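Here is how the chains run, residue by residue.
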Amino acid sequence: MTKKSGKMDRNNIGKWFKSPGNMGQKYSLHALYFCTGCGIIEIPPTITTRWDAERFGVIPVATPRQANLFLITGYVSVKTLRYIIRSYEQMPEPKYTVGFGSCPINGGMYWDSYNTIKHLDKYIPVDGWIAGCMPRPEAVFVAVTHLWTLIDKGMATGYLKYREHYAKYRRNQEKILGELEWPPLFSKEEENEKSREKVAG
Amino acid sequence: MSQSVLKPFKAIKYLFAKPKTLRYPFELKEPAMRYRGFHVNDWETCTGCGNCADICPNQAIEMIEIPELVSEPGKTNKRPRIDYGRCCFCGLCIDICPPGSLKLTRDYFHIHFDPDTFVFVPKNEHTEPEKYFPTNEYSVLKASLSHRRKDYDGFVSDLKYSLFEPERVPMPVVPPEERMLSFIEHIIGYDREEARKEAARCLECRLCEEACPAHLKISDYIHAIFEDKPEESLKKIYEDNPIPSICGRVCMAHCEKACSLSIRGEALSIRWLKRYAADTVKDFKTTLELNPGPATGRKVAVIGAGPAGLSVAYFLRLSGHKVGVYDALAGGGGTMRTGPPAYRLPLESIDRDVDYIRSLGVEFFFNTRVGKDVLFEDMLKEYDAVFLGTGYTRSRSTQVKNYEKCVLALAFLTDNKIGKPWKVGRQIIVIGGGNVALDVAREALRLQHIQYPGEKTAVKTVSLEDWGEMPATEEEIREAREENIQFHPAWGPKEVVVDESGKIKGLLCRKVKSVFNEQGRFAPAFHENKEMFMEGDMIIEAIGQYPDFSFIPEELFNKLKFTQRKKLSVDENGMTSIAKVFAGGDIVNTNMDAVTAIADAKIAAQGISRYLAGETVTA
Amino acid sequence: MRELELYFGPQHLGMVGNFSITLQVEGDRIVKATANPGFLHRGFEKLMEQRTWIQNFPLVCRINVVEPDHMELMYAMAVEKLAGIEVPERAQFIRSIYLELARVGSHLFGLWAYANMLGFDTVANWAMYHRDLILDLFEELTGGRVYHIYLWPGGVRRDFPEGFEERIRSTLHTIGSCVPDYDDTFFHNRLFYERAHGVGKLSREDACRMGAVGQVLRATGMKKDIRKTEPYAAYDQVDWEIPVRTDGDAYSRIWVVRDEMIESVHMIFKLLDKLPKGEAYQRIPNPFKWKIPESEVYVRCESSRGELGLYLVSDGGDKPCRAHFRTPSYSHGLTILEKALENESIADVGNIMISLYITAPEIDR
Amino acid sequence: MVLVLQILFVSILACLVGLFLIGLSRKVTARIHWRYGPPLSQPFIDIVKWFSQTAVSHGKLFDAGMIFSLTGSVVVVLFLPFGGICPLSGSGGLLVILYLMLIAPLGIALSAGESANPHASIGVSRKMQLAFGYELSLLMILLSLMTYYRTVSIVDIVETQIQAGWSLVQLPLVVSGLAYLLIMPAIMGIRPFEMIQAPQEISSGPMAEYGGKFLAFATLQHAFNIYIGLSLFVNLFMGGGSNAGYFLIKLLLAFMVFQVVHAVWPRFRIEQAVRYLWRWPALLAFIGLIIVWVTTS
Amino acid sequence: MKNPGKKLQDELRSMFESISTEGDGENRMTVKCRKEAVITMLSFLKKTGFDHLALISCVDRLNDNVLELVYILSSYGGDVAMQKLNILLKTTIPRENPQFYTATEIFGNASPYERELHELYGILFRGHPRLTPLFLEREYDIPPFRKDFDTRKYVKDVFDQIPFVDDKKGRT
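Here the protein sequences line up with chains A, B, C, D and E, keeping their order.
Just so you know, we're using the numbering used here here: the first sequence kicks off at 449 and counts up by one.
Just so you know, we're using the numbering used here here: the second sequence kicks off at 2 and counts up by one.
Just so you know, we're using the numbering used here here: the third sequence kicks off at 25 and counts up by one.
Just so you know, we're using the numbering used here here: the fourth sequence kicks off at 26 and counts up by one.
Just so you know, we're using the numbering used here here: the fifth sequence kicks off at 12 and counts up by one.
Be aware that a few hints might be false.
[Claimed, not checked] Computed beta-carbon distance windows for the label pairs:
# : chain 1 : residue 1 : chain 2 : residue 2 : range
1 : C       : Lys301    : D       : Leu65     : 53 to 59 Å
2 : A       : Met603    : B       : Ser3      : 54 to 60 Å
3 : C       : Lys298    : B       : Asp284    : 58 to 64 Å
4 : D       : Leu123    : B       : Ser3      : 53 to 59 Å
5 : B       : Asp284    : C       : Pro255    : 51 to 57 Å
These aren't lab readings, by the way, just hints derived from the structure by calculation.
Being a predicted model, the structure only gives us computed values, none of them experimental.
Each residue gets a CB set at the ideal place from its N, CA and C atoms; glycine is no exception.
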């Protein structure tokens with residue numbers, strides 16, 4: 449049995465006082481329940497009796513507003529991408545995205561399909577990837593511990609990257625989905641980007 | 002149905018029961034023994050054949066050239082690189098992997114923020130010990146592609162369920178009891194169905210093509226056989242090899258040694274399939290539709306109508322040159338005509354190939370010994386280029402006491418095949434462990450059966466080399482043992498014992514300590530006190546051959562340069578140190594077999610063509 | 025009351041799979057429901073046309089993630105018929121056992137989804153736990169938890185490991201010992217009856233008209249099961265019953281599922297007892313040279329959701345010319361669901377959807 | 026000064042107890058699910074997290090409604106005796122509580138309505154219907170209590186019970202108590218009356234658009250709500266508590282009972298819930314009222 | 012009915028012109044007919060007892076320049092022999108501007124199949140009440156399931172052209 453103390457610093461009061469935000473985020477990862485692809489099949493076992501992710505404070509929640517962890521479970525079709533972006537933008541910050549399995553990394557099984565996007569990180573930032581097709585529940589747990597480390601080290605900053613490069617993300621999204629029906633999330637940045645491009649070009 | 006409001010409350014009993022949750026990662030669970038996790042690849046056994054890359058449905062595997070590795074026959078320096086952004090862990094690559102070097106382990110953790118880390122070249126714990134940890138140092142929390150567990154194989158290849166067929170289609174042969182009695186060809190050859198079935202085993206990895214000295218397009222001609230187009234197949238063969246009937250029987254089959262199927266199963270019968278193609282096509286002339294190239298007006302002399310000579314003549318003829326082939330024998334084939342016994346290579350097969358080459362317009366001067374009937378100097382004047390393909394025509398002798406009583410192998414073989422068969426003894430001892438020795442032994446056995454039917458006779462072989470070291474092919478040894486030839490490996494001849502009348506009584510042998518010295522040179526050492534007397538009334542020496550350059554005048558001969566291994570030294574065009582004299586075959590290469598001779602011939606033919614076109618500077 | 029347009033899914037806790045239903049509601053009543061599939065559309069059949077016969081094996085199972093095994097079977101059966109490959113008897117038995125295990129697993133998943141939908145977390149958790157035990161069996165047998173890639177043309181990919189039969193038995197006993205718990209807490213729960221009875225009711229005529237299959241059909245009293253009418257694998261080697269209910273509502277459907285699960289477990293025991301010795305695999309041709317003569321075939325089997333069919337056409341090449349899966353969820357999800365949701369309460373959308381056993385990836389393919 | 030301290034103490038304690046009970050509820054259901062569940066501190070961690078998140082507001086009313094509802098809940102808490110401590114006991118009685126208890130859902134309704142999420146509005150409408158379902162029974166039950174004890178002061182009721190024993194076992198009040206037991210899950214919003222949030226049906230209803238601190242407030246409000254529901258029951262029928270410890274134990278006991286119901290029963294549909302509430306609890310409450318009325322007059 | 016396929020074959024031959032049937036008559040029977048006859052044939056088959064429309068499929072025969080429509084029917088009721096039988100009703104329509112008649116009137120579940128074929132093969136089913144997009148989000152020049160639609164090229168042209176957000180060059 450591995451020592452619990454190794455990774456779990458949930459009861460470390462000192463840390464709580466030092467960075468309550470990070471600690472709160474770490475031990476209260478509320479995953480958005482969105483069956484984006486076949487990887488979702490391993491989520492029910494993860495959150496139910498056999499593995500019980502709730503031990504780590506990971507639970508599925510109903511709406512993006514309540515979630516701070518977005519599990520992109522597998523391949524993403526173009527039609528789903530629209531909803532993924534929407535959901536992602538609705539999530540409060542800080543938010544973390546984890547790509548499941550091969551498909552979001554480089555197309556996976558559906559590398560030559562005309563209806564799935566191949567690289568998820570072209571459209572939304574991704575903080576971590578899990579290998580496997582699909583990843584087992586165990587891998588999800590280990591991924592959670594890795595995410596904790598990333599949060600601790602301040603490396604899970606996909607949402608900041610999204611802000612910073614919003615214009616580029618939005619451009620990529622619109623290339624695939626056409627004109628998006630909702631207004632840009634960060635209009636200012638886009639203008640900045642544009643002006644910067646003007647200067648550069 | 003009895004529905005109840007209160008019955009559900011029975012579930013309360015679990016409130017105080019022990020939960021069934023596995024407290025992962027504090028309580029671990031081992032994945033199943035067959036789990037399909039991450040790849041490992043044993044670089045030692047991996048041949049770089051690329052079958053895994055071909056079968057991968059997701060194009061997740063790419064063969065990457067590894068500069069540190071050296072390509073050798075049957076092994077390229079490419080190794081699979083796997084993209085876990087594509088891989089679906091189906092394990093098709095495992096089931097198709099001929100050496101079984103690619104395996105799936107039970108590791109499956111790789112969690113990373115950088116998608117580039119998901120592409121990696123699998124190695125194993127021997128090649129990359131720093132990435133593999135024993136169980137006690139391994140932690141799932143650290144696990145990744147660079148922190149993996151040692152000896153953790155999961156889904157591995159199982160020959161019974163492999164996607165390739167490890168076993169050959171059995172070649173129909175004449176049973177030993179029957180074939181011992183005559184010189185009939187004992188390999189019957191595949192019929193159409195068998196040939197197609199065997200051809201279907203080919204995985205088209207093309208390792209064989211690399212290994213073949215002549216680089217035949219093996220995959221292509223085998224694919225043509227699979228598609229039931231032997232004509233196509235023969236056309237493919239003739240691109241690189243003009244003597245398929247011969248090669249289809251006696252080729253040393255370097256390709257089969259390189260065949261990826263041979264690692265854990267039986268190699269594809271590439272040789273027999275070539276033979277099938279050559280034997281099935283009835284009429285070479287109409288099928289192949291080959292024509293000599295536009296006449297160049299140049300003339301080339303070829304000395305020796307062996308494989309090298311025939312091939313060079315063929316290739317040169319296709320380029321449009323006039324070719325004259327000189328040979329002392331009455332027909333083509335050279336060593337092939339004299340050496341391999343009729344049960345392995347009948348004369349008809351040789352003549353088929355020679356006739357086809359003749360039909361292309363090559364002139365043959367048989368029964369013409371250069372140096373005697375025609376002078377080499379004259380040929381040099383008459384022809385624009387001369388190709389030497391004379392081969393090894395003289396047998397070596399052991400030079401032990403009373404050696405002159407023994408028979409020499411080549412003389413024995415030649416006479417039996419194209420001359421008058423020898424009268425053999427009842428107890429024959431053959432000295433030597435090579436293919437020639439076995440040919441001699443098996444031929445002697447057949448003669449014994451013909452000359453002394455029903456009597457008790459025996460053929461014994463004595464060789465310096467032990468089992469496993471013997472230069473003869475395994476197949477030959479197996480067949481010889483099937484025919485009851487007795488082997489005495491690791492014994493060296495000391496003396497031929499003769500009785501008062503000078504008749505051979507037997508052979509006195511010494512036990513061999515070692516055949517090669519530390520440098521790997523041939524230098525046999527003996528146990529002086531371990532001796533054995535072997536009874537016999539006829540002894541045949543088959544310990545090797547050497548070339549005969551007596552036809553070359555001395556002043557020219559002195560100009561010829563030789564390599565350290567006593568071979569003719571030629572440049573990349575096949576030219577010897579004498580201008581316009583080219584060479585190939587046994588006198589040049591160390592493999593000393595037909596297909597290498599073809600390879601030499603190909604080089605020489607190109608060299609000659611270039612030389613005749615005035616492209617190359619003479620050596 | 026004013027009419028409201030409501031999107032049920034794709035991002036929704038009650039949605040099993042990536043699927044969406046657009047509801048026109050008046051208060052709590054649904055006026056019109058429009059199924060909106062395609063979130064998981066990968067163009068499977070097109071992809072299959074670009075992969076060789078063997079390369080399609082890892083692909084086909086991914087059509088339905090909940091129950092990949094019947095997809096494998098369909099493809100294996102179709103290829104066997106096209107290429108004329110014989111399957112050894114032991115392999116047939118192994119296939120049946122494997123498929124029945126898959127059925128139990130799939131039904132447990134369905135039970136999870138349904139119970140979860142009704143807010144019945146307890147039973148949902150139990151069912152998922154027991155399904156995980158079955159996945160453990162699969163993992164041991166095939167090397168994969170979810171995608172097994174195990175049924176190959178010519179038999180199965182690997183034989184049973186040592187002592188596996190015993191482990192199947194003990195796992196099934198473990199699950200079986202909890203059947204009273206399930207019954208007490210869920211199937212005999214009055215509130216389950218209240219929630220499910222009369223919901224999403226389908227008459228037998230409607231069911232037939234709209235192409236219902238599987239337990240949706242059997243819940244309307246139709247005793248139809250392809251395992252009986254057109255037996256494949258080893259289903260004709262053992263006796264078993266087709267569970268039937270007559271009401272045609274969600275309650276009946278879930279009860280049929282329960283009975284089927286129990287019947288499947290009994291069947292596995294019977295099959296294990298009769299399991300013959302021998303080879304489990306007949307080697308298929310060299311995958312790099314495998315061509316199938318020009319022909320076509322339609323095969324079907326009874327998946328845990330109903331009739332699953334595959335229309336496979338070969339044009340004599342090394343790849344299929346056309347493959348088309350007839351999936352049970354297709355009619356259920358796109359035709360019956362729209363009909364069944366009319367005039368129901370919003371609270372019952374998931375209830376009806378899951379009781380119809382709809383899996384989105386099967387529809388979208 | 027003491028009053029201010031008391032107010033602070035009680036409201037904070039009520040909040041903590043509420044959160045603790047939420048955690049305990051998760052733990053208990055997990056146990057029945059055969060699993061371990063989250064640590065008891067999980068709701069606190071969640072709250073900390075929510076406060077550290079950004080949150081999107083959907084308008085002034087959205088914020089105001091939230092505050093409105095939270096303060097409403099706090100005020101109700103102050104009116105309820107906490108094992109002898111009762112900051113505002115003198116200033117109101119059961120009727121005030123009954124009235125104030127309506128504020129919290131109203132605030133949520135206002136706020137959720139502003140978010141323009143159809144799930145939220147469905148959730149609110151369900152909440153209203155449900156309240157409509159149990160409010161009458163609750164009124165009748167309180168009436169019978171008031172009639173029996175001849176007072177509107179909850180403190181007095183508790184006092185009387187401490188001397189005379191629990192109302193639940195007082196013969197004339199048994200029926201009313203039973204009725205109260207039946208409507209308790211509806212008041213607390215737990216299964217089988219969880220249809221207000223019903224994540225699987227309407228994406229957690231009114232909470233659908235809450236994120237970050239709003240969700241934290243909503244959860245706090247939920248914690249208060251649980252505390253209010255339980256404490257009302259404990260105070261009215263289980264004799265309150267002579268001291269805080271005793272009171273908390275009773276609270277826990279009542280909580281466990283409802284938690285088990287929560288774990289083993291599914292949700293009702295809203296019309297089933299209303300029908301149920303109008304049938305059994307209302308009938309019992311009415312009978313209870315009559316019994317009390319007959320016995321006391 | 013011992014062999015329902017045989018009987019049906021005879022019946023069909025007598026009723027319809029220019030049809031060809033093949034198959035073992037036990038598990039599978041293929042009926043090929045002119046496209047005008049398909050709808051009549053479907054309703055006839057439904058009346059005969061083949062009331063379960065399992066599938067409407069389409070095969071793109073690029074070499075013959077036709078689309079082959081395949082209706083697969085089987086039976087709900089009937090005896091075992093009849094339930095075993097799958098009928099494959101086939102007809103061909105031209106690849107350019109393909110049009111056909113809807114079967115939604117006859118089979119309740121034909122609608123989504125026809126929508127799918129409309130979307131993936133570009134076949135217009137006349138009389139279909141709701142020929143709206145089913146699966147696809149993007150628009151494609153050639154309906155994606157046609158043989159001349161090259162998905163690998165499409166992926167290269169569309170998805171691979173989208174740049175990565177941060178300037179990473181290593182990934183392909």
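Results for each hint:
In this structure the hint that Lys301 (chain C) and Leu65 (chain D) lie 53 to 59 Å apart at CB holds, the actual value being about 56 Å. Checked against the given bound of 54 to 60 Å, the beta carbons of Met603 (chain A) and Ser3 (chain B), roughly 58 Å apart, stay inside it. Between Lys298 (chain C) and Asp284 (chain B) the Cβ separation comes to about 59 Å, which falls inside the hinted range of 58 to 64 Å. For Leu123 (chain D) and Ser3 (chain B), the Cβ-Cβ distance of about 40 Å falls outside the hinted range of 53 to 59 Å, so the restraint is violated.
Checked against the given bound of 51 to 57 Å, the beta carbons of Asp284 (chain B) and Pro255 (chain C), roughly 55 Å apart, stay inside it.
When the structure is compared with the earlier hints, a violation turns up for hint 4 alone.
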